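Colleague: Based on these hints, arrange chain B on the given structure of chain A.
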Amino acid sequence: MATMDCKSVLENLSCYIDGDGSAELRKALEEHIARCRRCRVVFDTTGKALKIVLDVEPFEVPLSVSARLYTRLQEVLAGG
Amino acid sequence: MKEDFQSVPAVGEDDLALVTRVLAGDRGAFESLVRRHERRVFRVTMAVAGNREDAEEATQDAFIKVFRHLDQFRKESRFTTWLTSIAVNEALQVRRKRKDSVSFNETRGLDEQIVPHRFEPWREDPEKLFGKQEVRRLVESAIQALPPIYRETFVLRDVEEMSAEEAAEVLGIGVPALKSRLLRARLMLRESLAASFQQPPTLKTRIAHAATDMGTAVAMRLMRAVGK
Chain A
473 MATMDCKSVL ENLSCYIDGD GSAELRKALE EHIARCRRCR VVFDTTGKAL
523 KIVLDVEPFE VPLSVSARLY TRLQEVLAGG
Chain B
198 MKEDFQSVPA VGEDDLALVT RVLAGDRGAF ESLVRRHERR VFRVTMAVAG
248 NREDAEEATQ DAFIKVFRHL DQFRKESRFT TWLTSIAVNE ALQVRRKRKD
298 SVSFNETRGL DEQIVPHRFE PWREDPEKLF GKQEVRRLVE SAIQALPPIY
348 RETFVLRDVE EMSAEEAAEV LGIGVPALKS RLLRARLMLR ESLAASFQQP
398 PTLKTRIAHA ATDMGTAVAM RLMRAVGK
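Chains A and B, in that order, give the protein sequences. Take the first sequence: its letter number 5 is residue 477 in my numbering, and every next letter is one higher. Take the second sequence: its letter number 75 is residue 272 in my numbering, and every next letter is one higher.
Bound-form chain A, shown alone (with noise of 0.2 Å):
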């Protein structure tokens, strides 16, 4: 594979985190940010992101919120 540009190595970033992608493919993107900082920078910083995302499990579901949605369901499931 030719030497990719900083353009097309972002556009295959998702093949990277994601683990797709032919293995010429995922060398070639190893290849590249082997050398060139700034790609190495985001890549990282994306799994890093994505990591953290799955880490602090967001929007957790507020306790009145589901009070109201079991008082509600079991309204609806006692009307059949």
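These aren't lab readings, by the way, just hints derived from the structure by calculation. Just so you know, these numbers come straight off a predicted model, no measurement behind them. Careful, some of the hints might be misleading.
As the list claims (entries may be wrong) - As a list, the in silico SDA-like pairs of lysine to any residue whose alpha-carbon atoms are at most 25 Å apart:
1. A:LYS520 x B:PRO318
2. B:LYS294 x A:PRO534
3. B:LYS329 x A:ILE489
4. A:LYS479 x B:PRO313
5. A:LYS523 x B:ALA361
6. B:LYS325 x B:LEU335
7. A:LYS520 x B:PHE316
Modeller: Same frame as chain A, now just chain B:
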């Protein structure tokens, strides 16, 4: 009644078994399904509707629809995919209703070229530094700030961890469109979190980065000068 709700044991039983029990008339099994999935449904409706009030309404409507139409669930698909489709549709309905009174452009950002601007590495452990609550707050506001079509794609793929195919099916779009939205969503989210999580650059690292980015002899000389 609330106590009954909290005490329904469902651990170890899969969704399909619970669905079968509900269809046989066991309402406790439905309560178990709700408890297991309320968080997913709330997150998805938050992603689509964009605010807590609408998400709450859509969450209630979604579970009522699930209960009333459970016999239409085709067992060859995953229960979570079916449930998530319903949640997305209910939230879209609430969003459309809201759109009549509040104008917002759903396609905002669609053609935007996402170009990264922040190139500093991030601090090692933001959760330790800021505390988990604060990091969660930052993450939630970064997700909420995404344009709706990116937000819903992001939440289905990177929070609910659905496959690209499942998420595309749920959103009623093709897989290539989903992947293109996801890439933009990820880059926008990274950019927005970088504002809080990146290491503050020192003058020395700035010059060093400029040198490697430009690769010019001038910058290399600058760096050597600073190093002295």
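Colleague: Evaluate each hint against the coordinates.
Modeller: Outcome of the hint check:
1. The hinted pair formed by A:LYS520 and B:PRO318 meets the criterion: a straight-line CA distance of about 10 Å does not exceed 25 Å.
2. Between the alpha carbons of B:LYS294 and A:PRO534 the distance comes to roughly 23 Å, so the proposed pair stays at or under 25 Å and holds.
3. Restraint check: the Cα-Cα separation between B:LYS329 and A:ILE489 comes to about 24 Å, which is no more than 25 Å; the hinted pair holds.
4. As the CA atoms of A:LYS479 and B:PRO313 are separated by approximately 11 Å, the hinted pair is consistent with the 25 Å bound.
5. This hinted pair checks out: A:LYS523 and B:ALA361 have alpha carbons roughly 18 Å apart, not beyond 25 Å.
6. Of the supplied pair hints, the one linking B:LYS325 and B:LEU335 holds, its CA atoms being roughly 14 Å apart against a limit of 25 Å.
7. Distance check on the hinted pair: A:LYS520 and B:PHE316 sit about 14 Å apart at the alpha-carbon level, within 25 Å; holds.
Going through the hint list in order, the structure satisfies each hint without exception.
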